[in-house]
Amino acid sequence: MDVRTLIFLVGVIGLSFYFLGRYRIVTQSAQAVQRPHSLLHYYGLYPFFLAIIPSCFIIAIMQVADGFVLSILIEQYLPADIRGGDEFNKTITLSRIENIASGVIFGSPEDWLIAAANKWLIWSERAQLTTTILAISSSILLGSYAYMKVNPGFRSRNAVEQIILVMMMFCSGVAILTTIGIIFSVIFESLRFFALVSPMEFLMGLTWNPQFEGAERAGSGQEGLATYGSVPLFAGTFLISAIALTVAVPVGLMAAIYLSEYASPRIRATVKPLMEILAGIPTVVYGFFAALTVAPLVRGAGESIGLTVASESALAAGLVMGIMIIPFVSSLSDDVINAVPQSLRDAALGLGSTRSEMTKQVVLPAALPGIVASVLLAVSRAVGETMIVVMAAGLAANLSANPLDAVTTVTAQIVTILVGDQEFESAKTLSAFALALTLIVITLVLNLIALQIVKKYREQYD
Amino acid sequence: MDNFNGIEPPMDTVGNIRVNNARIMCNNVFVHYSDKRAIDNLSLDIEAQKVTAFIGPSGCGKSTFLRCLNRMNDTIATCSVTGEILLDNQDIYAPEIDVVPLRARIGMVFQKANPFPKSIFDNVAYGPKIHGLAESKSHLENQVEEALRRAGLWEEVKDRLDQPGTGLSGGQQQRLCIARTIAVSPEIILMDEPCSALDPIATAKIEELIEELSEKYTIVIVTHSMQQAARVSHRTAYFHLGRLIEVGATKELFTSPHHKLTENYITGRFG
Amino acid sequence: MTNTPDNAPKSAILSPQDAEARVRASMATRRNRETRFRMWGIAAIALSMCFLVTLFGTIMSKGIPGFFQYYVTLDVTLDRERLDPAGDLSDQSLFDGDARGLVRDALFSTLQVSGRSNRKAAGKLISLGSDERLRDYVRTHPEQLDSEQSLKFALDDDVDSFLRGFISRDTPESDRRINDKAIGFIDQLQEAGLISYEISDYLFFGSASRNAEMAGIKGAFIGSILTLAVCLSLAFPIGIASALYLEEFAPKNRLTEIIEININNLAAVPSVVFGILGLAIFINIFGLPRSIPLIGGMVLALMTLPTIIISSRAAIRAVPPSIRDGALGIGASKMQTTFHHVLPLALPGMLTGTIIGMAQALGETAPLLMIGMVAFIVDIPGSITDPGTVLPVQIFMWADFAERMFIQKTSSAIMVLLAFLVVMNSFAVWLRKKLERRW
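Residue numbers (my numbering), protein chains in the order written: chain A, 307 to 768; chain B, 2 to 272; chain C, 948 to 1386.
Isolated chain A (complex conformation):
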């Protein structure tokens, strides 16, 4: 039975238990002349939940687990040389078996492949059967158990609420699971990467040159051909981020100051949403704009004054990234500037300050921690930004501080390495995970510091 039918069937069983439960409480309380403890529908909901929730979990777990278990089971059918060989060949062979099993056959596969595929088919049928039996029986058993408990004295509302509470707890656990997922998916592959390339080389090396076409596959003795020094990538990332912040921080901050200290409510009400439009534009659009409009413009302008500008210059990507971050800086700064108490402004004005003196000497120093925090968040945003640099900054891993050169960034490399078909065992693919790990660490640290500053700052004025 396929999954959709199964889920539908479980749903039907659940619904029947709902009505059974309700019917039972109605008849019972009529006979016993006892008022039921809870409202009637709780007596239906209790068996309903017990009938469907565990079954759904069973189905989900079986769905995820079967491919996993099958590939372990099928391994004994592989010839010894593949079984003992490297992970990469095994993965390829397994996916060939899977393809044959689902009817996609390229060329004429060897006999052992067909035998394995047949086994695969049989086992996956068995797995499906097991899932069906487990799900349906748990649904019926638990449903009936709950149904039997239904009587006027049973506190079904409390039971149902307990179930809902557990489900809600589970939902808020998803955030934790996501973090754990991120950490695990990155850490394991990173560790494998660092087994091939020393962390010192990765962190200190000045050349980034991952070999293509898997020539350096683990164990082939050719790892030496590729160099994984990530310094140029981080240098590129920080160069582009620095350009972006040079644009975004002054413009965003001045805009925030003008909007909160000078603008009339009407101008504020018009300009603020317009600035937020800049924040809502998808990054791929900025990337297109950078590659198509800004990059040629920068190149043209540079060449007209006699400078050599790479066609994918850091400056173009940085400028556009800066535009993207302006509303981010301005809305965060706006919040912190508005959090400065009006009484301080009154004090400064009452002493005869002009507005700019008040802003520069009283409001900004008071808001400084918050502004620093918002700049840190903007840095973390710039470092993690992907599409603009993928589309406009290019892939040349130059170690350069010249904004007119082409540089590449951590995120651009991650995308290039991981998009399309990868070989999961190559140091090149694994390097993307190591890059991601460092990226996460950097953004996380920036974010934690910023949140800490903001928290302190809030306490100061609350």
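The hints are simulated quantities; they were obtained by calculation from the structure and are not laboratory data.
Note that CB positions come from ideal geometry on N, CA and C, so glycine has one too.
Heads up, some of the hints might be wrong.
As the list claims (entries may be wrong) - Cβ-Cβ distance ranges computed for the label pairs, FRET-style: (1) S414/A to N1126/C: 40 to 48 angstroms; (2) E1079/C to L471/A: 52 to 60 angstroms; (3) N17/B to R978/C: 39 to 47 angstroms; (4) Y451/A to I1232/C: 30 to 38 angstroms; (5) V1000/C to I367/A: 25 to 33 angstroms; (6) F325/A to R1157/C: 42 to 50 angstroms.
With the hints as your guide, set chains B and C onto chain A.
Okay, now just chains B and C, sitting in the frame of chain A:
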């Protein structure tokens, strides 16, 4: 009532709104917040080198009127002021008037002590610095010292001038704010319920200070405490629902009020 | 007034008169500084607005022409024998038929060309998709078989660019993508009034194609909708349940605190990292297939979850405690209070946050590249488990193609995406205004 500059005083103000030695003259002032009227046809003189107290139940417009006197109401976009408020026979709401020198002449102390999040020294030095009142660093230091002395705070803080002003106690903070205002050398000091957040001892100190300051400065104080008005002021104005009901010498107003509303308020029937 | 007697020590604090003089003297520079500061503020806002206008201007100036393309009208004889050899109008039969030949014959007779090389040059004028277009026409109009019909066919993208003036006649023949012979034919067609500039049906109803004139966004659009549907159906209930739990039920302990810090940090994780999560967990460990909207939606759901939780919690916090007390006071359980009283009041804020999260998900590209939604897929996805792509990824792919016409189509696709976003955001604003309650 004499005819004064040909302007009729509003009919329902009891007592003499004019004085001989007037520093500020207000004629037919109206204040609106959007469409809501906050001050209704108010005329009043502020006497030089004296303490004038504004009293009245909350929401009567006394703070609003005080904030009109150095144009602090400009910061509220919806607030509009009509009528004239004359300082040296010049309407402070005239278009050619610059609020910056005006506010340097008419200082203000607020209800809640609001020292800047800077050192005690920088708090007091702020005004002289922005206005360029000090010739040298030592002159500035002397100004700070003298302002703190006049505010009666010097002895308490002279050893910790570099510590943040926000670390002082409530009463000290308020005196710091007064010192900060004095350092700008104003002629007139407006005080908006300066003791409302303070304990009785700190309040007593401030009241003492106000009495000393009144030798040098013209002071207008808004207070919700009738006892305070009676203690510190020479002249008292009673406000009710945006109108000036009665004005007169403090002693007289508190002992024999002429208007029923004033009497009710003073005898504690409402307020 | 404050005149100090001559014998008293000189006061450091200036007299009000001296002070006033000094203040007045300082005013000129201070006013200038004030004006300059104000100007900087205005300049910053003007600059931002200028960026906004430039961005939209560039996209629109390129994108609006992209909604149109050049078509040629040809009189085609719908010969039943040649179009539908088996006579049953089945896909196979139509495919075996010679639609391409019929279109070419119609073109050749209009242009009165003869000779192999002339025919070859003329044949290149028309889009490669013309035969499919003719087959589609016959499928929907079988009664017109064996008659002659005037039908419109798209011109090849090079011809299109030539007609728009991007390819100049003055360029030497060897340097342009369209030769003199072809230009002659185009002139001939134009003189006969057969070339028309119309709204491009390919853009809206075509799917991915390497031929610029045939490329359309339908597949990506449907892919986006399927992905968003998955994302919404996961992120909305999970987000709201977590927000309710954390705000109303969670005990104030270490675990809750960890969850809260966690959510704040997740909101700052770069989106590309979520793509890596999807790749490593959903594809490599769970063994789910690549390129499908199901995984795209799951990844985007995890990505938007923090946004939804944070804004939902703010909405719940805005519900005054008096409402909870009122419900609890008449004997409702904590759960009933939450679901019957708090949730309905907080819902507008939660919905607004969700829509903003969805808008963010709709524009997201990087994580979807990681999970293979960047594959070249011609078929339009029919379900969440069919391989597909989404609008922003389609834009990313088209932006890489060199053909002039793709630049226009990319810009048009961007306009569609932005329109989609504007609709979502206006809906959020409308919802907030409409359902806003004042307590």
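We went through each hint and held it up to the structure:
1. S414/A to N1126/C: 40 to 48 angstroms: holds (47 angstroms)
2. E1079/C to L471/A: 52 to 60 angstroms: Given a distance of about 57 angstroms, which is inside 52 to 60 angstroms, the answer is holds.
3. N17/B to R978/C: 39 to 47 angstroms: Hint holds: Cβ distance 41 angstroms, inside 39 to 47 angstroms.
4. Y451/A to I1232/C: 30 to 38 angstroms: Holds - the Cβ-Cβ distance for Y451/A and I1232/C, about 34 angstroms, lies within 30 to 38 angstroms.
5. V1000/C to I367/A: 25 to 33 angstroms: violated (54 angstroms)
6. F325/A to R1157/C: 42 to 50 angstroms: Violated, at about 56 angstroms.
Consistency with the previously given hints fails for numbers 5, 6, ordered from lowest to highest.
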